[in-house]
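S.K.: If you want the building blocks of each chain, they are given just below.
There are 2 protein chains.
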Amino acid sequence: MTREKLRIGLFGYGCVGQGLHDVLNSSRGFKADIVRICVKDKTKKRRIPMSNFTFDKNDILNDPSINLVVELIDDADEAFNIVTTAMKKGKNVVTANKVMVATHFRELVDLQEKYKVSLLYEASAGASIPIIRNLEEYYDNELLHSLRGILNGTTNYVLTKMHNEGMDYNLALKEAQEKGFAESDPTLDVEGWDAKYKLCIITGHAYGLFIDPEEVFHYGISKISTFDIRYAREKGFKIKLVPFVGKTNENTITSFVLPRFISSDKYLYNVDNEYNGVITEAAFADKQFFSGKGAGGHATGSAVLSDISANSYGYKYEYKKYQQGTVSEYTRNFKLEVYLRYRNEKDRKLFGLKDVSEYFSSKLYKYVIGIVNLENLYNLREQLPDMDVFIVNTGRKVKQ
Amino acid sequence: MTREKLRIGLFGYGCVGQGLHDVLNSSRGFKADIVRICVKDKTKKRRIPMSNFTFDKNDILNDPSINLVVELIDDADEAFNIVTTAMKKGKNVVTANKVMVATHFRELVDLQEKYKVSLLYEASAGASIPIIRNLEEYYDNELLHSLRGILNGTTNYVLTKMHNEGMDYNLALKEAQEKGFAESDPTLDVEGWDAKYKLCIITGHAYGLFIDPEEVFHYGISKISTFDIRYAREKGFKIKLVPFVGKTNENTITSFVLPRFISSDKYLYNVDNEYNGVITEAAFADKQFFSGKGAGGHATGSAVLSDISANSYGYKYEYKKYQQGTVSEYTRNFKLEVYLRYRNEKDRKLFGLKDVSEYFSSKLYKYVIGIVNLENLYNLREQLPDMDVFIVNTGRKVKQ
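Top to bottom, those sequences are chains V and G.
This note's numbering applies: residue 762 is where the first sequence begins, and numbers increase by one.
This note's numbering applies: residue 762 is where the second sequence begins, and numbers increase by one.
These are computed hints drawn from the structure, not numbers from a lab.
For clarity, every value in this text was computed on a predicted model and none was experimentally measured.
Certain hints may be false.
A pair holds if it fits inside one copy or across any two, identical chains being indistinguishable in the list.
[What the hints assert, rightly or not] Calculated pairs, DMTMM-like style, for lysine to aspartate or glutamate (alpha carbon to alpha carbon, straight line, at most 20 Å):
1) Lys1077 <-> Glu765
2) Lys984 <-> Asp946
3) Lys1096 <-> Asp820
Start from the sequences and build out the full structure, keeping to the hints where you can.
M.R.: As structure tokens, this is what we get:
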């Protein structure tokens, strides 16, 4: 197969953009030129000559010599604008923007088909872990029961520091931001949005359903307290933020993002700091585990480079599971066992917990372990930010 | 992309062949018929009607309606015969035969080119772990420093039983064979041959060099003793059989198979029983880890199915690293730190150990830890089976 020589127009020169630049410069076997870089901030000092930059996106979008657009900006709306314009002009696109892909998934799939262009976004989920490509290419005909993992580097860094070093939540978050692992708005990370967008992208390739992120329940770690950490430690667990998607029957899946207790004999237990990890469970291959860096300019840059390289070979996602159409339904009618740490009985009541197996009460805090329906949690989603509670999925199998 | 309807001729109906049959029958989205199965043993009872079988390979090879040959027999010479004949007749082939691929690697690559056919062999290394496809597709332009892992399920099962349950070597081996994890000849497993063949296949896709397995030093676990297990346990290590391939400079690689001490904070420490695990280290993606079942009919069968499915989409390996040709040299001039358990001083002398950091002597056994050159080990390869010694790579970085 012959490789196309790539002439790249790059949008964004932040952490990932610069990481990509480094990776590209160090990669000898590979022929690709960054023709021009479009950035927003005219006053910011850049580490390469200003002649490389433009502030007008049309300098890239209207340049017929540029055959690949690499989009690495923060603003999802502007990214969508850039990406769709490029596609309509027949340019292939590589992006790392999970918010954009997750919220416009179906439309972006259709545009690829309509304009015969390729849109690759491996870096948008799991950064350096090639999970999208593996789901697309390798698990094609496997009976995939479920997929879960750690997909957000910031929260994992924070939880690691809290567990391993007894660090305070706010201090740990500040450190994560200083190290460049956090997104520009930490809410996206700590409230579980980021993990949810990634989960929705993965779901598209794992099961062929393009779920509106609004339909998926997510819950983050911003309400975690030292009580929760202490409880977990006493039981030999770590708390990790774990997105899950899995089959509930032949043609139906469910998904959610929740903190989860992880015992020390589990793969995810040792996935610490900014590392991500993904576990797939399938009928015949059984359990498989992938792990790698989930944040940072170079790790993400190397995933972007991999997409650029795949592009030079004419690769495009085929959305095989979507074409097969085996899975067609999404449900939130799914029972979970959760640990609920709370203060007021009226809050607890809202959850309608069944089959309570543990209950603890002290002057400082209370917790209860019982079964909740995911639909219940979803219905509470707007009240949860104002409640003094913290929810953790115990991970135990529940009879549905 | 349209999918070709596959009509499969299957060679072999042992553990993996039957596993594939199960997997294929359970996979709904997938259209492929096993038209005929060629087996050797005319007297063996089969679990499906005899009308599915033939004893004459030409019934498959000369059937123009069969467009894919799946080769899952034990005999590497006969497999080579079948596979090359099929390729010359323009049929695509999927195989799990690591001995055949590793020993005829270059020739098989050339035949694919010459006859415009595809030969896929994901199941030949790492069974259910999609390591070949990932090296081929994903690490294309990454600066891959090294790859190491656990690639042999039998030895890993044996070592796990010895470490975790204090089981005796011979008993553990017998149990592994009873569970169907061991190859027909256990020598291939326990002496490290199997791991070496897999390493050579991986090397082809990781670095583009097709190394003659004869050039690669391998050492297994058949000489392991309770002293070695006890030493490892006291230091908090497990002993695992770990093949390694890595760069020594820009255009040169080295590789070997040796037992290795693994500390509890390492990914490979928890890769137990029949599971395999692979760690890649690359310039920008940093450390990545893949794990999954490395033996058993269903796990291997699902890797074979994945190749069959890829075939239906017209996939073939492009041997991208080989085409790039960045790495051109292979060396055994490489220093390693090893633990050498021995009895006779004259044996120890042969190793020419330098920079000894530990030495222990008792009536029962002695050990020494020092630096050895890989070339030295290679030159001793024919004497090693007769020596009362056991060698373990400490895994510590050595100044070259």
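S.K.: Each hint needs a verdict: does it hold in this structure or not?
M.R.: Each hint, compared with the structure:
For a Cα distance limit of 20 Å, the shortest separation of Lys1077 from Glu765 qualifies both inside one copy, at 14 Å, and across copies, at 18 Å. Within a single copy, Lys984 and Asp946 get their C-alpha atoms as close as 17 Å, which meets the 20 Å cut-off; across copies the closest is 57 Å, which misses it. In this assembly of identical chains, the alpha carbons of Lys1096 and Asp820 never lie at most 20 Å apart, being 53 Å within a copy and 54 Å across copies at closest.
The structure fails hint 3 only (numbered hints given earlier).
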